[in-house]
Structure formats: C-alpha cells, structure tokens
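Chains H and R are the protein sequences, given in the same order.
Residue numbers 1 to 263, in the numbering used here, belong to the letters of the first sequence in order.
Residue numbers 264 to 609, in the numbering used here, belong to the letters of the second sequence in order.
Treat the hints with caution; some may be incorrect.
[To be verified] Using 25 Å as the maximum straight-line C-alpha spacing, the simulated SDA-like pairs for lysine to any residue come out as follows:
no.	chain 1	residue 1	chain 2	residue 2
1	H	K24	H	S68
2	H	K87	R	S515
3	H	K87	R	K306
4	R	K306	R	T281
5	H	K72	H	N37
6	H	K229	H	S68
7	H	K87	R	Y601
8	H	K87	R	G495
FYI, nobody ran anything at the bench for these hints, they're computed from the structure.
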Amino acid sequence: MKIVVNGLEVWYNSTPALKNVSLKVSGGEMTFVIGPNGAGKSTLLKTIASIVKPRAGVIYIDGKLISSISPKELGKIVAYVEPHISKSIPSTVLEFLLTARYPHHSTLSFTTPRQDLEAVEKVSKQLNIEHLLSRRLDQLSSGELQRVLIARALIQNPKALLLDEPAAFLDLRYRLEVLDYVSSIVKVNKVICIVAIHDLYLASLYADKIIVLDYGEVVAAGTPDEVLKEELLEKVYRVKVHIVNINGRRVVIPVEPIERISL
Amino acid sequence: MALPLYERNIKHFFISLTSFTILIVFMFVLALSLGPAMLSPHKVFQAIFLKPFGYAVDDSVNVIAMLRLSRALASLLCGASLALAGLLMQTITRNPLADPYIFGLSSTALTAIALGIILAPNLMVHKAYVVIVSFLGALTGYALTLSLSKLSGGTSLAMVLAGIAIASLFSGASHILLYVVQQVIKTPYVYLLMGSASTVLLKDLYFLAFPTIILTILSLAFFKPLNAYLYGDEYAKQLGFNPTLVRDFAASIAALLTAITIAFVGVVGFIGLAAPHIARFLTGSDHKFAIPITTLVGALLTLVADIVVKLVSMFAGAVGELPLGVVTAVIGAPFLAYLIIKKVRE
C-alpha cells in the first residue's frame with residue numbers, strides 16, 4: 001500500500017494553496033504533516049481524498065491514478081476525517097456511524113448488514129464512545145465528537161486514513177489514547193495514515209515520518225530525527241524551540257515567540 | 264450496544280407505522296361519515312374496506328361515501344406529498360425550519376398557475392399542463408429563495424427570512440392574478456389561495472396519487488445519499504456521493520411534490536414543516552425510517568385539518584367553507600414559533 005504524490009498544485013480561485021508538492025507515503029507508517037496556519041496541510045489531505053481537485057499534478061494510490069478511481073470505489077479506500085460536520089438536523093451517533101459503511105454497499109440496497117453493526121460496536125467500544133451511541137450529535141462535547149469522527153473513519157475500514165487535526169478538542173488522556181490506538185491499527189493492518197497536526201509534541205511522539213509544509217511547499221520530509229531540527233522549526237514557525245531527548249525520541253518543546261506582538 | 268439500539272429503532276419504526284396506519288384508517292372513515300348527511304362510521308367502514316370482499320352494503324351509504332371519497336383521498340395524498348417535500352427540503356438545506364410554504368415554493372407555483380390561466384386558458388384545461396407550469400413555478404421559488412438567502416449570509420435564519428420575502432411577494436402576486444382570473448372566468452380557482460380539498464375530482468386523483476407514490480418510493484430508494492448529505496457536502500463527497508447531484512435531485516422531487524399539491528388542492532402551509540419533525544422525533548433522522556413515517560404523519564395531519572374544516576362549517580353554519588390552509592396555519596404556525604425559539608437559543 002503506497003500513496004505517491006507528484007508535482008501537485010492546488011489553487012483556490014486565484015490563491016495558490018499547494019505548489020509543486022511531491023511525496024511518497026507507505027502503509028504501516030504514521031506520517032505527520034506539520035506547518036503553520038495556511039501552509040496547506042488540510043488542502044493536501046483533501047486533495048488526496050479527492051474532495052479538492054488539483055490544478056496540476058498526479059496522485060497514485062497503489063499505482064492507480066486517483067482521478068481514474070470512481071468516487072464510490074475511492075470511498076472504500078480513503079477516509080478523510082474533517083474537524084467539522086454539519087449537525088443542524090438532529091441525528092444520533094449511531095445513525096452517523098452507520099453512514100460510514102455506505103461505500104461498501106450498493107447505493108440501492110436496503111438492508112443494514114449485521115457486520116456493519118458489529119463493526120460499529122467494536123470500534124465504539126475501543127474508542128470508549130459506546131455510551132454515546134444513542135445521543136444526538138449536537139449534544140456531544142467537542143472531545144466526544146472528535147472521537148466519534150475518528151471512529152467513523154475507522155468503521156469505514158479504509159486503506160488510507162487521513163486525519164485532519166485529530167487531537168483538537170481532546171484532553172490529555174484521549175490525545176494520547178486515540179493516537180496510540182490509531183497508530184496500532186496502522187501498524188497491524190498496514191494502513192496508510194497521514195495526520196495533519198499543529199501539536200509538534202504529539203508529532204514527535206507518534207510520527208514515523210514527518211513532512212513540513214510552508215506556504216504550500218514541502219520544506220522538509222523524512223524521519224523525525226532528520227526533520228525535527230531547531231533551526232528549521234524556528235524558521236517555519238517563527239518560534240524558539242528546544243529539542244529534548246525522551247525515551248530515545250526527539251521531542252519538541254516550544255519556548256517563546258521570536259517576534260513578540262508589541263503593546 | 265449498537266445492535267440492540269438498532270433493533271430498538273426498528274421496533275419504534277414499526278410501532279409508529281402501525282399506529283399511524285390505524286389512526287389514518289380511523290380518521291378516513293370518520294371523514295367519510297361527516298357531512299350534511301351523517302353516516303354511521305361502522306357502515307362506511309364496511310362500504311369502503313369490506314365491499315371488495317363481497318360484503319353487502321347499503322346503497323345510500325355507498326353512494327354518499329363514494330362522493331366524499333375524492334375529498335378525503337385528496338387531503339391524504341396532498342398531506343403526504345407536502346410532508347415529504349418538507350423533509351427533503353430540510354435535508355438539502357440542512358435547515359430544520361425549511362418547508363415548501365415558508366420557503367416560497369407554494370406561492371411561486373400558484374403564481375405560475377395563475378399566469379398560465381391568464382395567458383393560455385385553453386391549455387390549462389389539461390391538468391398535466393397545470394402540473395408542469397406549477398412545477399416550473401416551484402423550482403423558480405426554490406432558486407429565488409436560495410439565492411436571496413446566499414446574498415444575506417446563508418444562515419438558517421437568513422433562509423427563513425428570504426423565504427418569507429419571496430412567499431409574501433408571490434402570495435400577493437398570486438392573489439392579484441387570481442382576482443383577475445375570477446373576473447374573466449367564473450372558476451373555483453380562488454380556493455387555491457388557501458387550499459381546499461373539496462374541489463378535487465375523482466378522475467384527477469390519479470394525477471395526485473401516482474406521482475406521490477412514485478416519488479415517495481424514489482426518495483426512499485436513495486436514502487443513503489440523503490443520509491450522507493445530512494453531515495455536509497465534503498462528508499457526502501468522501502463517501503462517494505456527489506452532493507450537488509443529491510441536492511438537485513432532491514430539490515426537483517420536492518418541487519414536483521409541491522407543484523402537484525398546489526395544482527390540485529392549493530396552498531396548504533406548515534404540513535411540510537411539522538410532519539418531518541414529528542417523524543424524526545419518533546424514528547430518528549435515518550431517511551430509511553423517516554420518509555415513510557413523515558408521509559403518514561403528513562397525511563394524518565392534513566386529513567384531521569380537513570375534518571376540522573368540515574366540522575367548523577357544519578356547526579358555525581356560515582356560507583361556504585373555511586380553506587384548508589387556514590386550519591393548518593393555525594396548527595402549524597405555533598410549531599414554527601417553537602422551532603425558531605429553539606434555534607435562536609442555540
């Protein structure tokens with residue numbers, strides 16, 4: 001399982017979002033995409049999920065051109081977890097989670113197979129959202145909703161999992177638990193996993209590979225040891241950082257901004 | 264947890280399905296018994312439901328019940344289509360306040376019919392043409408309300424306000440046009456302004472029945488894209504559904520359903536608002552369950568409203584009858600108020 005991106009260029013109207021992005025991601029690895037606001041992290045994930053159409057460049061999944069895969073087929077392969085979903089029409093968590101199985105069935109089939117419910121059961125137990133299944137989406141806290149959204153992607157059982165800010169709104173325990181769980185699923189099922197994240201600390205804990213985006217361009221890519229360097233991060237983020245060695249991992253600690261906002 | 268929960272949903276669905284069917288049969292028999300000549304509901308039940316099985320029925324009961332049949336069936340079918348139109352509109356706008364009446368589709372459809380009668384009166388003899396003209400009117404109303412609400416920010420309240428503006432404008436326009444029509448040809452078209460099931464003929468019922476049934480089955484068949492669409496365009500997209508296609512498809516069905524009821528019964532408001540909410544409360548928002556229950560709730564509400572119309576005219580003893588839309592407005596508008604309060608609080 002492999003995703004290859006070559007010469008990707010994405011524009012929103014007249015603003016460039018991604019410029020000449022090329023990368024290679026393989027299954028069984030946690031790939032983290034980091035970079036400041038507006039660097040193009042979400043756009044990269046959305047383009048791979050075929051939600052945003054690129055102006056130029058190609059994306060291959062397992063050697064297949066993504067634009068040649070039918071949308072429904074793609075739904076079986078790729079799951080993108082967006083941080084926001086619409087919940088203005090009241091619906092329960094169970095109803096939401098069951099929609100994740102739709103790519104695996106014919107559109108016109110009418111029954112809900114037993115294994116769908118078992119898949120929901122299994123994942124919701126593991127993510128500790130079982131007690132929320134009968135609740136309405138708009139009654140969940142942000143952290144609960146975040147876990148429901150990640151559960152949805154896992155129930156879809158994709159070959160490529162694209163997580164956009166999975167740690168947002170989660171408390172300390174669930175940040176670590178959820179990423180730990182995702183990373184073990186990725187390792188066991190040899191799934192491709194790309195995570196766009198702001199928290200460099202989490203990136204240094206769980207990443208096998210890190211891609212740094214800035215102004216829509218890849219400025220660095222490689223293992224955490226290669227990428228997480230003070231000089232590079234200070235240049236990209238405009239923040240002073242310390243790199244500490246904990247349990248054999250390079251962990252990034254942000255210290256202070258380089259430019260202070262004057263009063 | 265997931266399995267028992269889903270089984271509970273299915274149980275709720277079947278309980279609602281049977282209880283609404285029984286209620287509708289009961290109200291249907293009641294509607295046929297009520298009128299200047301009161302019939303015994305017991306005998307009406309025999310005449311309608313047991314006659315096909317070779318049951319001997321009193322002739323006078325049979326004749327009167329058959330005369331009232333078209334009116335009762337018309338209110339049932341019109342309620343079912345309006346309710347389904349409302350559900351589809353709430354889904355595609357992701358706005359719990361959507362309804363063909365509030366969003367102006369009903370008024371624009373009626374305006375189109377009135378214009379059609381003035382411009383080409385001989386064409387309008389054919390009900391099929393009336394339906395087509397009214398469909399074009401409803402689609403125009405949908406497009407107008409949506410573009411106006413986009414200009415004003417696109418929030419769910421902006422949509423309602425845009426709908427009110429469009430609805431008021433075209434309800435005024437249709438009043439004027441139908442007034443003109445009435446001067447030219449003496450017709451019962453004025454009934455269309457606030458809706459009335461009493462003018463529907465038995466031979467017209469096919470135009471009302473077949474589209475309603477076919478469009479209900481069609482919407483039900485596409486329950487998956489509709490469910491996926493609820494959670495956002497991007498969400499639907501990554502499950503492999505084209506959100507624009509889902510929206511256009513459902514909007515056309517909603518406009519067609521609205522158009523048919525306007526062409527035969529006239530403007531009946533708020534059924535499309537209330538029925539989906541009641542159905543979702545009972546069976547959840549999954550369209551697989553919500554679509555059948557919504558149509559049943561809509562049919563029941565409209566039938567009850569028509570019974571109220573009959574009762575008022577019988578006991579108040581005034582000339583003529585109340586329009587159906589007046590009764591549904593009295594029942595439905597407080598419901599809208601409640602929903603707005605809930606929505607604004609959020």
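Hints that the structure is at odds with (numbers, increasing): Numbers 3, 5, 6 - these are the hints that the structure violates, sorted from lowest upward.
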